[in-house]
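Taken in sequence, the protein lines are chains A and B. Just so we're aligned, residue 1 is where the first sequence starts under the working numbering, counting upward by one. Just so we're aligned, residue 169 is where the second sequence starts under the working numbering, counting upward by one.
These aren't lab readings, by the way, just hints derived from the structure by calculation. Where is the CB? At the ideal position from N, CA and C, for every residue including glycine. Take the hints with a grain of salt, since some may be wrong.
Residues of chain A clear of chain B, computed beta-carbon distances all greater than 10 Å [unchecked claim]: (1) Lys-12; (2) Ile-31; (3) Gly-108.
To spell it out: a stretch of chain B is covered by chain A in this simulated footprint if at least three of its residues, at any positions, have a beta carbon under 8 Å from a beta carbon of chain A; those stretches are [to be verified]: (4) 169 to 183; (5) 217 to 225.
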Amino acid sequence: MLDNANDGSNSKSMSIIATKGTLDWAYPPFILATTGAAMDMEVTMFFTFYGLGLLKKDLNLKMSTLGNPAMEMPMMGMHMAMPNIIGGFPGVDKGVTVMMKNLMAKKGVASIEDLREAAVETDVRLIACQMTLDLFEIKDTDLIDGVEIGGAATALEVAGKADINYFM
Amino acid sequence: MADQTLDAKGLNCPLPIIKAKKALKGMSPGETLAIESTDPGSVADFAAFCRQTGNELTSSEQSGDIYNFEIKKS
């Protein structure tokens, strides 16, 4: 396997802090991480708070229309928005999650499972926040293999050396 | 003729790039990879990918709904 860091003089590094664990918000960090790795960047992802759930072995990501008034789903040639008052009804989140997953499959968008696997395969460094593990009582054995455990200092050390830093 | 071909039709960002990188990894310098894509965003993205990685984008053409690229591995 090629060593990304020694690939060329234009190699860059990127660090991403992932703080959100819903299906929709799982995409930006994993898309940028996998693309960065494909572009020979040295990529580190730090998972904290709800973002930590993205490292669980068993991913069952959900999303909600609540607090998401900008969300519009294409439907029968139009776009459907969901008023927050309806988004609170039982079953609406589940329905929207299914709709989104179907839409993504239809449009050829990768699943988060696939993107995460690509990240692991391309040696993206994955760091789980120790404090979040303690706070939400998540065991490191619940997480996928190859995950490091670290804290804010670990994240900042990486960020300080990175060319690109994202907080998501 | 390219040394290898990649069918990325129907795939959306960032899959064409990730699959192209995977294919290039298994190739030798100087070999060429031909890619077929239906993602309009891949036109700008393969150009950026090649500028960043140093591989050479030897061809980028559209025919109908298909975008054809050829990359020469550096």
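Do the hints match the structure? See the list:
1. Distance to chain B contradicts Lys-12/A as a non-interface residue, since its nearest Cβ pair spans about 8 Å, not more than 10 Å.
2. Distance to chain B contradicts Ile-31/A as a non-interface residue, since its nearest Cβ pair spans about 5 Å, not more than 10 Å.
3. Gly-108/A, annotated as away from the interface, has a beta carbon of chain B within 10 Å; the closest lies near 4 Å.
4. For the region 169 to 183 of chain B, the assignment as covered by chain A holds, since 6 residues bring a beta-carbon within under 8 Å of that chain's beta-carbons and 3 suffice.
5. Chain A is given as covering the region 217 to 225 of chain B, and this holds because 4 residues of the stretch bring a CB closer than 8 Å to a CB of that chain, at least three being needed.
Consistency with the previously given hints fails for numbers 1, 2, 3, ordered from lowest to highest.
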